[in-house]
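Reminder that position 446 of the sequence shown reads as 429 in our numbering, one-by-one numbering, no gaps.
Source of the hints: derived by calculation from the structure; they are not laboratory data.
The beta-carbon is built from N, C-alpha and C at its ideal position, and this holds for glycine as well.
Mixed in with the good hints, there may be bad ones.
Dumping the calculated DSSO-like pairs for lysine-lysine here, alpha-carbon to alpha-carbon at most 27 Å [said to hold, decoys possible]:
#1 553 - 41
#2 235 - 808
#3 258 - 241
#4 624 - 659
#5 368 - 386
#6 533 - 424
#7 533 - 570
#8 154 - 807
#9 368 - 416
#10 351 - 424
Here are the simulated distance ranges between beta carbons [unchecked claim]:
#11 494 - 381: 42 to 50 Å
#12 555 - 619: 23 to 31 Å
#13 494 - 447: 55 to 63 Å
#14 214 - 269: 43 to 51 Å
#15 566 - 792: 49 to 57 Å
#16 678 - 601: 13 to 21 Å
#17 678 - 323: 36 to 44 Å
#18 309 - 443: 31 to 39 Å
#19 792 - -3: 51 to 59 Å
#20 606 - 453: 24 to 32 Å
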Amino acid sequence: MENKSLLQRFLPHLLVLLLFLIITFLYFTPLLQGKTLFLQDMVQSQAAAKEVVDYHNKTGQWSLWTNSIYGGMPSYLIATDYPNSWSTKVGRFFTQLLPEPANMLFISLLGFYILLVTLRCNPWLAAVGAIAFSFCSYNFISIEAGHTSKVIAISYLSPIIAGVILAYRGKYWLGGALTALFLALQLYGNHVQITFYVFVALALFGVFELVYAIRQQELKRFAIATSVLAVAVLLSVGSHASRLMTTYEYSKETIRGKSELTKKQNTPAASGLDKEYAFQWSYGIGETFTLLIPNFYGGASGSELSTSSDSYKALLANGIQQGQARQFIAGAPTYWGEQPGTGGPAYAGAIVCFLFVLGLFIVKDRLKWWLLTVTVLFIMLAWGKNFAAFNYFVFDYIPGFNKFRAVTMILSVAQAFIALLALLAVKEIVQEKLTWASLKKPMMYSVGITAGFALLFALLGGVFFDFTASLDTQLPDWLQNAIRDDRQSMLQKDAFRSVFFILAAAALLWAFVQNKLKSGVLYGALLLLMWIDLFSVGKRYLNNDDFVSKRKAQQEIQPTEANNAILQDKALNFRVLDLTKGLNILKDATPAFFHKTVSGYHAARMMRFQELADSVLFPELQSFANEMNTAQNLTPAMLSKLNVLNMLNTRYMILAPAANGAVQNPYALGNAWFVKEYNLVADANAEIEAISAFNPAQTAVVDKRYQSLLNNLQIQGDSSASITLSAYAPDHLTYQTSASSPQLAVFSEMYYQGNNDWQAFVDGQAQPHFRANYVLRAMVVPAGKHTIEFRFIGETYKQGETIALICSILLFGSVGVAFYMENKKNRPQIMAKSPQTKVHK
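Produce the complete structure using the sequences and hints provided.
So this is what it looks like as structure tokens:
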């Protein structure tokens, strides 16, 4: 009988898991055909990681440094291993259970299901909520863009919330265990921005709980819960110490750190991201209505229109060939919002929005006010520069917010709180057995607010908006008028669509409270209705067309003839600059599939490289391009002027995909060289100015802070002196030198954490090195023949691994004890309740 009781208890959960598997693969059916999702951001990530992965496959070791992009950078945020982080192993196990991206959707469904079951929702109602959260359009848009780490982090936020709620409601052991485990798994996702937003939301939850504890005189409960959660957070964070410590250390050197450059004298150096960059993607205030109506602002930047659209008809009417017209409507500029571009709207679901508003009227759980506050706050934060008075204050004065960009991302977290309150509304109706008399007014108000607004915009959208985008001026007037009509039509159709789903959901609730439907039928109908709503919108942005065969995916990253020509060069180490996609070399890492490059693609590139590019490299490249356009051919004199590329040992430039498009640069200075003089400068401003007009082959520009390491060096000319690279690994470079007198060597490698992570050795003895030419390494080399080594030691990584091991043991030990204690506490209650359950049946 006990076994039967256990089966009865767990069977609904098993059936829900089966349902989750079915709807996951219904969305991603191409996975069942052996296809794969071809994501541009994933291609960029794989390219950046290529050198490190190849090195691991060859040696079995992970290098903590790669020279494949931006001249070189730590591989902490690209590809490495954290063997002492047990939660990393668990997270990797979970993500590998299903093929990508089905794994992310399934984890998201399961996570929100855990949250609602924790709040004592019926399993089938919890399944409805899991769909409401996981099938939001933002998740699919993020997957389509290749932002997998973001989606993984979002997927784990729900059970973290569950753990915190349990802890504050007296389930200290279980709440602490869930929080510790799932926060550790979220940190495995390695998207600090999402985790930061979760901490903001939970900090507000703590404030609400503190106020409640004071009113109820339950400060002891609050103190215990807070202490338990603090330990849970410490263990979770500690289990990822090596990842987080190195990320924190590296962040200071990135574009999110503090610049030493000042725009004008006596201006303090900036810390964090520039406002313009951070708020480039800011959600429009009116754009918030996309939560209710997906095409309120035209959908994605490039949306597919039908042949019945006004744009298509206008194109044909104005003499455009049918093929060209079809090509235009395949990616028409329908988006007319505030962002420079978008992959699609943050659509929470019409039914979810309706239930959210209804929950504001009927939910009695004190969670309601926290959910409302966080939702409103996060929406305002997503407005970014469009609500500057608030967001610039937050950016300037509240720690952490100035470290992140693309603030629209916060809506991906807000959708969890919207969905949670929506489902609590249904729970309130069913479990509290609300009557039509008590539900009538809240229902009318909620329908009026949501369906009413949708109907208003459907009928009078043209009265409120002109449907004009900032880039419309690039189109002829007749096409501008047509595309505006299409935008209005898109809004109108989706507004009517939202009205239908809201009225259908309201009808179901009415039928239930009138005893015309049983709860099981209500849950099933809501699940189906909500799934159809969200599934169909999600398919607009991530659908079967985004999948390709694995063979075709491999063909997308095949080398060009120019790449193959360069690969014939067997020199140990040199760099390549691919200009076939234009001069914006900081947005393309794909050349790193085949070469070590100056270009790259990474949101956390080094600050000094960015500043070098902005101040010197980009102007040099622009001048080079202008000369090429004027002369119509390449001359050696043009290459001699590219000082930055030459000192970065850029041995080849790719100007075209054909074999003759690979141009060898005779002015590349090699892996290292001896200079004839050095120029001591006062600060970063003077240093960047000095390298704007100097000869790197002759002169090294050195910040005066390193003057003591020069030991009053007097360089004596030595025409026979030599320095050559004799062995190469990403994290270990070996040079052979010969000179009759002490020399100053400059190395074409990026300076980072000198004498701490990167350490130099002469004949096996440690010797300090310093920075030169704003970004490179330099050191005084003694007379005679010597072996110089640069080794990336990774001291912070080693310390972090020790902490991670200790915290992993404590974390999983505590989780095991917590579940044992919870099971021990509940077992007698289950045994006692079983007879009562039987009698009730």
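Verification of the hints:
no.	hint	in the structure
1	553 - 41	holds (18 Å)
2	235 - 808	violated (48 Å)
3	258 - 241	holds (14 Å)
4	624 - 659	holds (19 Å)
5	368 - 386	holds (16 Å)
6	533 - 424	violated (55 Å)
7	533 - 570	holds (25 Å)
8	154 - 807	holds (13 Å)
9	368 - 416	violated (45 Å)
10	351 - 424	holds (19 Å)
11	494 - 381: 42 to 50 Å	holds (47 Å)
12	555 - 619: 23 to 31 Å	holds (25 Å)
13	494 - 447: 55 to 63 Å	violated (34 Å)
14	214 - 269: 43 to 51 Å	holds (44 Å)
15	566 - 792: 49 to 57 Å	holds (51 Å)
16	678 - 601: 13 to 21 Å	holds (20 Å)
17	678 - 323: 36 to 44 Å	holds (40 Å)
18	309 - 443: 31 to 39 Å	holds (32 Å)
19	792 - -3: 51 to 59 Å	violated (32 Å)
20	606 - 453: 24 to 32 Å	holds (30 Å)
Checked against the numbered hints given earlier, this structure breaks hints 2, 6, 9, 13, 19; the rest are met.
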